[in-house]
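*Asks:* Take a look at the letters that make up each chain.
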Amino acid sequence: MSDTPQTPRSFQEIILRLQTYWAGKGCAVLQPYDMEVGAGTFHPATTLRSLGTNPWSAAYVQPSRRPTDGRYGENPNRLQHYYQYQVLIKPSPPDLQELYLGSLEAIGIDMALHDIRFVEDDWESPTLGAWGLGWEVWCDGMEVSQFTYFQQVGGHDCHPVSGELTYGLERLAMYVLGVDHVMDMPFNDPDAGIALSYGDIFKQTEEEYARWNFDVANTDVLLRQFEEAEAECQKILSLAAEDPKTGKRIVMAHPAYDQCIKASHMFNLLDARGVISVTERQAYIGRVRALAKQCADAFVQTRAGGWSPEASA
Amino acid sequence: MPDLLIELFSEEIPARMQKRASEDLQKLVTNGLVEAGLTYASAAAFSTPRRLVLTVEGLLGESPTTREERKGPKADAPEKAIEGFLRGAGLSRDQVEERETPKGNVLFAVIEKPGRPAADIIAEVLENTVRTFPWPKSMRWGGGALKWVRPLQSILCILADEAGHSVVPLDVDGIASGDVTRGHRFMAPDPFSVTSFEDYSVKLKRAHVVLDPAERAEAIWNDATNMAFASGLEVVEDAGLLAEVAGLVEWPVVLMGRIGDDFLELPPEVLQTSMKEHQKFFSVRSTKTGRIERFVTVANRETADQGATILAGNEKVLSARLADAKFFWENDLRVAKDDMSVWTQALENVTFHNKLGSQADRIERIAALARELASVVGADPDQAEEAARLAKADLSSEMVYEFPELQGLMGRYYIAASGRDDAIAAAAQEHYSPLGPSDDVPTAPVSVAVALADKLDTLTGFWAIDEKPTGSKDPFALRRAALGVIRLVLENRVRVPLGQWIFMRLARTNVHIEFTSKKYSTDEVSKLVEQVDPELAGQFRNSAFQQRYDHYVTGATLKDSEAKSIDLLTFFHDRLKVYLRDQGIRHDIIDACISIPDGAPAVATPNNDDLTLLVKRAKALNESLSTDDGENLIQGFKRANNILTQAEDADGVEYSYGADVKFAETDEERTLFAALDEAEAKIAPAMETQDFTIAMSAMAKLRTPIDAFFEAVQINADNQTIRRNRLNLLSRIRTLCLSVADLTKIEG
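Going line by line, the protein sequences match chains A and B.
Its first residue numbered 2, the first sequence is counted upward by one per residue in the working numbering.
Its first residue numbered 514, the second sequence is counted upward by one per residue in the working numbering.
Quick caveat, the hints were computed from the structure, so don't treat them as lab data.
Cβ coordinates follow ideal geometry from the N, Cα and C atoms, glycine included.
Be careful, since some hints might not be right.
Said to hold, decoys possible - Facing chain A, a subset of chain B residues (Cβ under 8 Å, in silico):
| no. | residue |
| --- | --- |
| 1 | 527 |
| 2 | 761 |
| 3 | 833 |
As the list claims (entries may be wrong) - The calculated lysine to any residue pairs, modelled on SDA-like cross-linking and capped at a C-alpha distance of 20 Å, are:
| no. | chain 1 | residue 1 | chain 2 | residue 2 |
| --- | --- | --- | --- | --- |
| 4 | B | 650 | B | 528 |
| 5 | B | 1214 | B | 1199 |
| 6 | B | 660 | A | 122 |
| 7 | B | 829 | A | 176 |
| 8 | B | 829 | A | 172 |
| 9 | B | 868 | A | 283 |
| 10 | B | 650 | A | 122 |
| 11 | B | 1132 | B | 1145 |
With the sequences and hints as input, model every part of the structure.
*Replies:* Following this line, the structure appears as structure tokens:
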């Protein structure tokens, strides 16, 4: 605590410090997944890699989209596109809480002055067929992270258990930087020759997407894309493990999972357009969950998912 | 006699589970110890967010040696029997005794269990407790298989006496016991060892941990109220929140903060709910105006800046939260002033139940029903209908989406803001009531009309689609709805023929479902539903829909509706019995007043479907039966009824009228004739005017002449004319009493 680093000065500095911190703790620092997702958990580095027995340790930033949260860039705290920082370590180490608190210190939160609390918050993702127990972590009454011990993903019990940390980067950074409106937050060094705020980069896109998400997106197209993704996912998974061209055993868990992610995002867009009724909602979520479960089933049939010719023999 | 100290140290235990968990720890461990023969003087359990603690004082150092004698089979019993006995006793043939008994030589096993040291027993009991602990939800972590509420980090388990302390050795999935614990996560994180419970408590407090949750709660409440008082304010009491907050901290530090001026005009319920639900803040209000002006938060640590940073952070978070609330409030007010049509339209897309249509469909039904009920409860029909249309509009509002528990209340604010009459606004809040047996019942006529309409629609709707409560399952809270109707009716003295109302609604819903499932167009359906309303059914002639109408309405659907309404009315009666039982009125008394003859199909009658009248009769009967005359009258009535029934069975005729005083032979007979004449003259008009007390007491007065009659007169006289006359006289007793209540239903 004696060598608490100086307070960071920009959004990107907070991200860089988290990257450095978790790299220093041995995590593979991955890059964001290149598809639209609702949260960092959807990245296959979390969803799929939390399955099976192979050890795993990864950290990454994940741009996340929640179309219904769009506020045209006007709400100080709400965005339809935002960033999550995600850490997944399997098996969860015994000192994960201490490691996590260390990361808060790394971004300039002085433990001697702030009130950090672990408040019960059980996590459940109906679309991923996943749940875990843990907390939301409070800093002076503000939720700064989700801390979860995965118990089940895609309908599979997690053995061993992964520990997952999710930081809502904008909110955390606004707090650390003392900014009241997300759009006012310095993105790069505020003293740089070309200093850019969060708003310089995202105010316009928030407006554009809010309009499109809420009022313009063609629901017939979205619906068709949802159904196509669903059909493609199922088709991929229905194929035999052996590739007729190479003769190799290639279970296509990841391409199938991409389609599951796509279906999930289409559902979110349809939801934002307000064309999904409460009863239909459950049915759509159930359809995405069915895909996620099938992808999980497929992943545990791959080497990364713990499959081996010896074990299956 | 040693003392035992156990601490199970883990990552943060959810606040709501701590109390129960410390009680379970105490129960499981002490029960286990006592079962193994280790008795103790006293025990106490405590919890903090990170630890469950049990202290047991005056424990036996070892369990007593026990000696058990078991009688076995005879010495010459078959080999199998003897083998079984030996296996059960865990002994060999030469270890059992053979004793002479009157039945011959019998085997006896003497099993001596030597006492065991306390530590051995404790280790076993504690390991078993940890492995089988009844957490509401538990989890695995890392690579292990052990389950606990959150990762279990260490186990402290020591036995201490005058000579010193020793660790009770045990190991649960790699977690070995010791005498070491840690203090506050941030203020005193270093491990330290302890020698006894006293030593533990003292060192913990020095390490910034208050072990006893009651002590933490008291400290929080004292500090909070003192702090508020010093500013001329008071803390809004909330026992649940206090217990929860005490479970979130090991070292409570109370801080009072400000609410931004911008937010002070929000409705107090919104401020309070937002602060409590999101931030677990207490509300602090002005003692003069009652307005909520500040908040109290409880931090888990002291800081060099006296909590200034923490408080500033909390104020900032609250501002963001309240900015959301204010945003919702202002947006909602705009919609409210713009007539709320956006909200009511949005409810068209919200499914209430897939067989019962959308929320909008439901509201349409409730509005129609509220209009019909208005005249009965003394409300203006237009107001009742409008109130019903708006009562659930707030379900589409942003505030209620955020805080579902504010439904109804927000509706009241918004309807008032739209400039409507307060009676309509109040109905939005009050129509959900009563929610339970002790909840207040609305009395304002418009609220009563909407509340009744809402509940009756729910009940008839779910009855129509066969979704009735079964056993402990009542997912749509239909029992609560029925009790709500009962209380609304009784406490407002509403006079409605409930059975008829139910039938009308059920038939309408049934027909609607029937036609919808046959895929008629919406227009057709709505016309039909309108047409087949049983009220109008009589006038319904010669329509293009005649054929369908005949098929569905006069056919299966009508019969089905009838059966279901009778079933629902019976459900109401059952709920009524439960409700009145709590007020000291026996179920058989209500049965007597419902007065449906045995074996007859239950139907709605004026006797049983007007609940207000029914209860009035039940109360009068109850009162009458609690008098000496009343109680004895029952005996007299039953005697008369039995003799009469037997005679009717034997003779194959019904004795119903024709008793003539001229065939009376005794004074007692003549007196009874006179008494019956007098009683009839009183009872008939009293029943007519529903003056049940008069009717009942007139009936009870028959007791003396009836008793005297049975005392003096033999019914089965040889003279058949006299016998018939007396039987006909008994029939007069029966008829008269049954006109008051079905006394055959009275037990005992």
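*Asks:* Which numbered conditions among the earlier hints are violated in the structure presented, ordered from lowest to highest?
*Replies:* none
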